[in-house]
Structure formats: C-alpha cells, structure tokens
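Enquirer: Top line first, the protein sequences correspond to chains A and B.
If you're matching positions, the first sequence starts at 1 in the working numbering and goes up one per residue.
If you're matching positions, the second sequence starts at 201 in the working numbering and goes up one per residue.
Hints in this document: simulated from the structure, not taken from any laboratory.
Backbone N, C-alpha and C fix where the C-beta goes; we use that ideal spot for every residue, glycine too.
Misleading hints may appear alongside valid ones.
[Claimed, not checked] Stretch-level coverage of chain A by chain B, calculated; a stretch enters the list once three of its residues show a Cβ under 8 Å from a Cβ in chain B:
| # | segment |
| --- | --- |
| 1 | 20 to 30 |
| 2 | 34 to 41 |
| 3 | 48 to 59 |
| 4 | 65 to 72 |
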Amino acid sequence: MAAAYVEDILLVDRCLTGEPAATRELFRRHRGRVHASLYRVLGGNRDMDDLLQDAFLQVFQSLRGWRAEASLATWIDRVAVRVAYRYLSQRGRRVVTDPLADDDAVAADDSAHTAAGGARRQLARDGVRRLYDVLDELGAASRLAFTLHEIDGRPLAEVAELVGSSVTATKLRVWRARKRVETAAAADPVLREFLTEGAP
Amino acid sequence: MKLNKRIQVEPLDEERLTNIERRLVVAVSTARPEAPSRRPLAFVTAMLAAAVVALVAWTLHRPAATPTVAVDQPSPQHVAVTTEAEHSTLALDDTTIVSDPATKFDVTRGPGRVVIEIAHGRLDLAVQHRTGRVLVIHAGDTEIEDVGTHFSVAYDGTTVDVRVTEGEVRVTRDHHETRVAAGSAWTTTRGLVALADLEPPPPMPTPVAVVTPPPAPPVTHPAPVHVAIAPHPVESPSPHVATAPVDPFVELRTAIRTQPIAFDPKIDGKADAAAEIARLKLLAYSPTTVGDEASAALYRIAVLLHRPLGQDAAALNTLELYRRRFTSGKERVAAMWLRVRVACTHSINEDCRSAAYSYQREVPTGDAADVAIRITNAQ
Numbered sequence: 001m002a003a004a005y006v007e008d009i010l011l012v013d014r015c016l017t018g019e020p021a022a023t024r025e026l027f028r029r030h031r032g033r034v035h036a037s038l039y040r041v042l043g044g045n046r047d048m049d050d051l052l053q054d055a056f057l058q059v060f061q062s063l064r065g066w067r068a069e070a071s072l073a074t075w076i077d078r079v080a081v082r083v084a085y086r087y088l089s090q091r092g093r094r095v096v097t098d099p100l101a102d103d104d105a106v107a108a109d110d111s112a113h114t115a116a117g118g119a120r121r122q123l124a125r126d127g128v129r130r131l132y133d134v135l136d137e138l139g140a141a142s143r144l145a146f147t148l149h150e151i152d153g154r155p156l157a158e159v160a161e162l163v164g165s166s167v168t169a170t171k172l173r174v175w176r177a178r179k180r181v182e183t184a185a186a187a188d189p190v191l192r193e194f195l196t197e198g199a200p
Numbered sequence: 201m202k203l204n205k206r207i208q209v210e211p212l213d214e215e216r217l218t219n220i221e222r223r224l225v226v227a228v229s230t231a232r233p234e235a236p237s238r239r240p241l242a243f244v245t246a247m248l249a250a251a252v253v254a255l256v257a258w259t260l261h262r263p264a265a266t267p268t269v270a271v272d273q274p275s276p277q278h279v280a281v282t283t284e285a286e287h288s289t290l291a292l293d294d295t296t297i298v299s300d301p302a303t304k305f306d307v308t309r310g311p312g313r314v315v316i317e318i319a320h321g322r323l324d325l326a327v328q329h330r331t332g333r334v335l336v337i338h339a340g341d342t343e344i345e346d347v348g349t350h351f352s353v354a355y356d357g358t359t360v361d362v363r364v365t366e367g368e369v370r371v372t373r374d375h376h377e378t379r380v381a382a383g384s385a386w387t388t389t390r391g392l393v394a395l396a397d398l399e400p401p402p403p404m405p406t407p408v409a410v411v412t413p414p415p416a417p418p419v420t421h422p423a424p425v426h427v428a429i430a431p432h433p434v435e436s437p438s439p440h441v442a443t444a445p446v447d448p449f450v451e452l453r454t455a456i457r458t459q460p461i462a463f464d465p466k467i468d469g470k471a472d473a474a475a476e477i478a479r480l481k482l483l484a485y486s487p488t489t490v491g492d493e494a495s496a497a498l499y500r501i502a503v504l505l506h507r508p509l510g511q512d513a514a515a516l517n518t519l520e521l522y523r524r525r526f527t528s529g530k531e532r533v534a535a536m537w538l539r540v541r542v543a544c545t546h547s548i549n550e551d552c553r554s555a556a557y558s559y560q561r562e563v564p565t566g567d568a569a570d571v572a573i574r575i576t577n578a579q
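Chain B on its own, in the form it takes in the complex (with noise of 0.2 Å):
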C-alpha cells in the first residue's frame, strides 16, 4: 500500500485564505480584553465626590493668580483638560499624558478605543501598547496612533510635531500613513526626520497636578458631570485647595527598587548601552553561542533596556523571550525578579501582580520574596 503524498490536496483560494487571514487578525487583536479594574466603583465615586467638594471650596477661595488645571467632563468617558499655567499629568490606566502649560486637549476613553483630540499645546505620552486597544492622538488634520511606546505630540493650530522616543507611532495626514520609530520625529513642515536633527524641545519638568479621571463606565450616555480639579499651587499653599492624590505604592515602589538586580553589567551612559546591546545581541541570536552565553547576553539586554534606556516595553519582552528560550538558565531567577522590577515601574497592575506572584511561587523565601508577595496582596 503506497499512499505517501498520493492525496491531491486541493488548495484552498486566495480569496478564502485571505478571509482566514482577516477573521484571524481581528479575533487576535481582541482575544485580550482589558483587564477589570481592581478598584470598586464606590471608591472612584468617593474620589469623584471628594474632588468635586475640593473643587468647591478651591473656586471659593483660589487666589488670583494660581495656575488651574480644569478638566470638563461631560460624560465619565469624556474628559476636556486644559491647562493655563501649569503642566499636568493625566493618568489614564496604562496611559500617562503629561502636558506643558497652556494646553488643551479632550479624552475620549470608549471600549478599546482611546482618543485625543489637542486643540494646541504640547503632550508627552508614556503609552503601554495593549493589544485590543488602540491609542489615537488628533492634531489637526493630522492623527496619530500608537504602536506601543512613549512619544511627544505638539500643535500649535498648525504645525503639528511628533517625536518617538520609545518604540513606534504611525502618522496619517491626506491619506498618507508614515511609521515614526524610537529616535525619529514627524512634522508638518520636514515630514519624517531624525530626532537628532530637531531642537530639542523645552524640558518638561515633574508635573504638580495629577488628574485621574474614572475608569470607562458600562453605560454609554450618563447624565454629564462637571469636574475641575485644582492643583496644589507650590509657592503658596492654602488649606483650601485640592491635593493631588498621593501615590499609594511609594513605599512599596521604593521596596522594589532597592532590591539589587543580579548580573547588572553596570552600564549608565544611553549610547554605551545601546552599543553593548548591539553586541549582545550578536552572542544572544548567534547560531554558534553556546546556551549558557546565550542566556546571559539576553538577560543583560533585558537589564540594559530596562536601565538605563528606559525602554521597559522591549525589556519585557525580552524577558519573555528569555523564559521561553532558557527554561534552566542559570540568570532564571534573576530574569522573574527583573520582570517584577520592570512591570511594577509605573504601576502596580495586573501585569505587575502577575510577575510578584510568579516569582514568589518560584522563590517562596528571602528580601524580594517578601516584596512580591506584598505586591501580590496590595490592592
């Protein structure tokens, strides 16, 4: 009996292929639906109430000259912010928007879908790319999307001007799509152009009013809510104005990052780094690396990228390369830790709890343990 390779398979179609394809790519993008907030609805409404009472008592005695940060909204999934003489952070849930003094910009937050619309000023957004979500920035006629990343958008009623620093944007203007990448710029006038090559742009120094607006609601069309929230003027202040709200997790951040991580090849300068990333890259993809070399040149990728570029997105996914490739590998350990460090950097989200609670079931003892497992329990 020779039956080998004698059933003709009879191909399937483009047409049918390229369907498979399509219903794929979208099934993909929206098999990771956002995470629920951890956060019970009655606390933000407490939040929501106490800013509206601070907002009260902050309008009836606001000095004349402070600088104001207002956010109209009139739906919990609209949020207009401007800013007159101060810079803010708006801290959406895997988003944080910083923006210069005199800016005004609208959020609208709707179900996997984030958009923001400037008006003019200037935004810097630390976004982390979540699949099923998509970020899009309106300036103009010009829109920008994220594709994970940490970027900078300025409008001046204009011009518009986009600068990458972390990975990657996607600029359409008249039907034109450009793809800016960590180290270029975008603007109107020069289109895409090297980072080097622009002036650098004013330094934006740390924010003193943070505004956190509710998490997206089930309902669509809520009853409009008016909110300002008044940032606490540095150089006089007042017991009636409005703090902004204090980090929960300062204690628990600093407890992470006095951890030491293991294998550090102690590298500080951004451009030395780059270039022993480069390096290492050659030991951790060469077909000739033996595995215990292997392994180590892509954990201390992941450490370089982490510290000092800042790039924690690609650091976190070389850390998972690391867990798939190097099940035994001797930095394994390390690697859990250094996940735990990276993914707690910004917040303490289901990401973050995530790597705490894998590392402490994999190393149940000891300083870090007691971290992760503290990680694990906070809410």
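The following block holds chain A by itself, in its conformation from the complex (with noise of 0.2 Å):
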C-alpha cells in the first residue's frame, strides 16, 4: 500500500515535468477503472471515448493540485464523477444509448449461442436498457448516488466523498432512487426480471 502511494507519487511527479511515458503510464495504470465506473454511471453510449478522454485531461490538467492526501486513485475518480455529473446535468439527463452496442452485438451474438442462452442475455440487455431509462429520469446527483453505489459497488461512504456530499444525503438519493426503479420494475416485467434474477 505504502509502496503503491510513493509510486504514485513518484509518477505524478514525472508527469509534471511533462514526460510523455509518464502520461502514458499514468493513462493506462488508471483507464480500466475510470471507464468502468463511467459506464456503470452513464450505460454504454456514444460519447464514451469523449468522456474519458476529458476525464483524464481533467486529471492531467489538475495534477499538480493533488496533494497526496487521498490515494491518487479515488482523486482521479473524484475527477470522473465530475466529468459524469456535467455531462449529466448538460444532457438534461438522457443519456444517448450506443444502438451498436445493443441489438446489433446482440443478433450477432446470438446466432453463435444456443436459444435458451441467447434468450437470456437478450433479456439482461432489454433489462439494462429499461434500468437505464429509469436512471434517465433522476437527476444527477441522484443518479450518481444509485450507480455508483448499486451498480459500481462502492460504499456509502466512499460514494459520498466522491460526489462531495454527507453519507446521510448520499443514502438519502440512493433510497429514492432505488424507489423510483423499484416502482418502475412493479410496471415492467422485464426489467422487474432483470432486477430479481441473478447474474447473467
């Protein structure tokens, strides 16, 4: 852990005299994570590269501010919810879908897989997509509160330093939100299958 904190700090250092390895290293030390948690926030949708690539210039941007008080990790995912949170608030909160990313992977897919199987996973998808039509009628923070906590995983309190608000005020947009889907599953089978089955 210690060794991982002074190599992070040895590497932030290297980028800030501009050496363009240590920007590399940096990018691709952190990308899997950041793209995951904005994936998991956003769906899968057309701006992807774009928001990850000003999530991290963002980061590049700001680097000389991190003062080595949080682990460099949970600041660059500080940054993240960030670029997330504006995009969400600038979209008016519809996220645009990745149609590629849905029914034609899926008809591909597919036809490589028994019936049974193919059905299942066409289910989880249609689930996704009606999960996240839900998610589109939340606002952002509350959004950010649910996804980040009940899709990415993380703690309450974790969630709560992230987007820079109370635990109590996080749990509070995590409660409403989880209603909001719930309520919306109790009118649509599909989703309310994908919400009960287990992984797919």
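Build the complex: two chains, separate frames, hints provided.
Expert: What follows is the structure in structure tokens.
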C-alpha cells in the first residue's frame, strides 16, 4: 500500500515534468477503472471516448493540485465523477445510448449460442436498457449516488466522498432512486425479472 | 435488488484507447504555453537599436586583433553566431549557450521549438526543460534533443561528442535513437560511454561576451536585420567598444544567496553528496520511515541536489514532492525558501517570482521575506 503510494507520487512527479511516458503510464494504469465507472454510471453511449478523454484531460490539468492526501485512484475517480455529473446535467439527464452496443451486437452474438442462452442474454440486455431508461428520469446527483453504490459497488461513505456530499444525503438519494426503480419494475416485467435474476 | 457488478462493461478497443492516449499526450504537452515575456517590446527594440549603434561605433574603431562575436540576424527568429577568439554566451529565455572560441552555430526559434545548428566547434548548454518547447541541436547528420538538462555538444565537421552532466538528452543518428543520461556521453565513434571514460573537455572560462537576442516575435517573416554585437576586450578596453549588458539582478541574486539554507547538511563534495542522497532516499521513500524523518530526508535531498550538485531541476521536483507529501512538515517554510533560491538561481523569471510570491504570503516578515517581496516586484 505504502509502496503504491510512493509509486503514485513519483509517477505524478514525472507527469508534472511533462514526460510523455509518464502521461501514458498514468492513463494506462487508471483507464480501465475510470472507464468502468463511467460506463456503469452512464450506460454504454456514443460519447464514452470523449468522456474518458475529458476525464483524463482534467486529471492532467489539475495534477499539480493533487496533494497526496487521498490516494491517486480516489482523486482520479473524483475527477471522473465530476465529468459524469457535468455530462448528465448538460444532457438534461437523457444519455444517448449506443445502438451498436445493443441490438446489432446481440444479433451477431446470439447466432453462435443456444436459443435459451441467447434469450437470457437478450433479456439481460433489455433489462439493462430499461434500467438506464428509468435512471434517465433521475436527477444527476441521485443517479450518480445510485449507480456508484448499487451498480459500481462502492460503499456509501466512498460515494459520499466522491460526489462531495454527506453520507446521510447520499443514502437518501440512493434510497429515493431505488424506490423509483422499484416502482418502474412493478409495471415492467422485463425490468422486474432483470432486477430479481442472478447475474447473467 | 442486486445490481453490484451485474452491468457488463463493454471494453473500449485498443485502437480507440490508443487514440485517446495520443490525444492526451499531445494535449498535456501543449497545455503549458510559454509564459509571455514581461519585458516591453519597446525596451527590446531600444536595446537592439543601441546594440546596432554600438556595433557601428565599434566596427569603425575596432583594433586589428580584437576577438569578435558576430551575430548575423536575418530575422528576429533566427540568430547566427560566430565566435572567433572568444567564448561567448547566448542567453535565450530559459537556455544558456556558452560557445568555445572558433565556434559557429545558428539558432532558429519557432513557436514551441528551438533548433540549433552547429557548423563546427563546441557548445555548453544549460537548458531548463519546459513542456511544449522542444530544443533540438543538429550537428552534421546527428540530432540531439534535450530532455531537461545541462550538456555539451562538440562537432569538428565529422565527429560529434555529446556529454551530459545533468538530466538527459536524446541523440538520433541514422534513425537510431540513444538516450544519454547524466554522467554519460555519446560520440560518433564510440557510441554511448560513461563520461568518466572520456578525456575531460578543455575548461570553459567565464565568457566575456554576452549576446542577448530579442524574444521570438509574433510575426513570421519580418524584414531581415543584421546585427553584430561585440565583446568587451579584456586586455585593452576602449571607449568605443560596446560592453556586455550588466545583469540588473546581480544585487538581488546576491541578497538571495546571503540568506542561509536551513537544515543544511553542509556537504561540499559531490561524491559525498551523491552518497548521502542515496542514503536519504531510502529514508524518504521507505514505507517504515515515520513522517518527520521522511520529511527531513526529502528536504535534505533537495538541498544537496541544489548545492553542491547543482541539479536545480531535480531539486525543484523534489521540493514539489515535499510540498505535496508533507503539507505540515517542519521544514515546510525552509523548503519554500529553498524553492525561491533554486528557482531564482539562473534568472528572475516567472517561476522565480511565483516561488517568491508564495513565500512572502506564507512568511510576510523577516529578511528572507523582504528579499522575496523585492523579487516579486522585480521588473
């Protein structure tokens, strides 16, 4: 842990001197986690490349401000969450999903599998799509809190730190969002089945 | 509701990631544009005019055997220097080039790029690495690019000799790239070798001729201007000879140096300092070292890098590291002053002023604070 901390400090130090290899190294170390978090918060969408780039651009622009008080990963996640928040606010909540990631890929994928397995995967994809349709109706703060906690699996305290709120406010947002999803699931059998099913 | 990790993330393909990475590297490298010069253009123009007048006067009354430094300047972005019997110093914004006698070289300054072409002779360069600015030296078919550094390049028309004393340079020849780090050298005939394995270069005495070209202008092709700046002859000064510009910050720099360095390990030998740094690094970066001990070690590393090793860029990096790691370390104020001292060693520039400003805000009174205030207000 301490070794990773020192390694982060030295890497940031190299980045601050403008060393391109350090820029690449920092991006490669953290891109997977940041992309996964953005994906879980926003769902698959056409702007993902730009969002990932924007997040890291802001990371590099603010790197001098990282005071090594939090871990570098947490600090980068905080920057990524801000990028996601701004995106959600500017988009008026609704995220443009990427059709290629859904229908076309499903059709190609299903032909190679059994009918039962294909149907199950299709159900899962439909469920995911409907879940994000419901999430589109939530405010940016509620959506962030819900997705980071329920989908990305982060503890409430960490989510609160990432979104810059108290734990109580975060817990309330997650609870409200969950109620909203459950209400939608009550009227939507596909979403209900997806939410009650085990992992696909 | 069990959603944890159930949303399968579709990975971005390698090509898209590579594109993002490439764009980031470009954006980061161009993110810090060169700080605009604080010197008014009128002042520079006046200095240039004075230099031309001095040149004319000096040319008319030149003694036969006076050593010369000729600066042929077809445009303000291009400077050609020929030193006949003198060492000379060419001071660019963040680069100091000291040339041997009988050295001929051209400097072309473009946006974000400085190219030096050596025809023959030897140059000693102190380059402050800056993101977004590339400094490249061409010696015959060999290209040398600085990566932040102090190094020399000699070229006799056939053989190139690159010696790095601080930082690192990249040497490219026949599409083959070699990175030459501090303590190493590269020659056309021997390739990469340890600096200690080469004969020491001839000593480079304090130059008497100082050439200061104008800053790179926004216009691309202004009318050619020919300027020659003469050195002041040491042996036989003449009232008609132009003198080298006097450093207006000499007194300020002296005031900076007279402030003591707190917690100074007081090691003067370079080998001893390097050994001490190696020992201190184990303390500073060891996960078992407690805070005070680690902060003291890191601060002392910065001191030793600055003096006696003279590796100021590394010293500044270490101080930046100290600032981030030990926000309430007991050497914090001392580290802030050391940053002023190191940043202002070579010139009173923006980095120097910024360090001084930070210091005076933190420590508003005292001798050092007075010096910091003078630096902040220096024009």
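Enquirer: For every hint, state whether the structure bears it out.
Expert: Against the structure, the hints:
1. 20 to 30: holds (count 5)
2. 34 to 41: holds (count 4)
3. 48 to 59: holds (count 6)
4. 65 to 72: n = 4 at 8 Å, threshold three: holds.
The earlier numbered hints are all upheld by this structure, with none contradicted.
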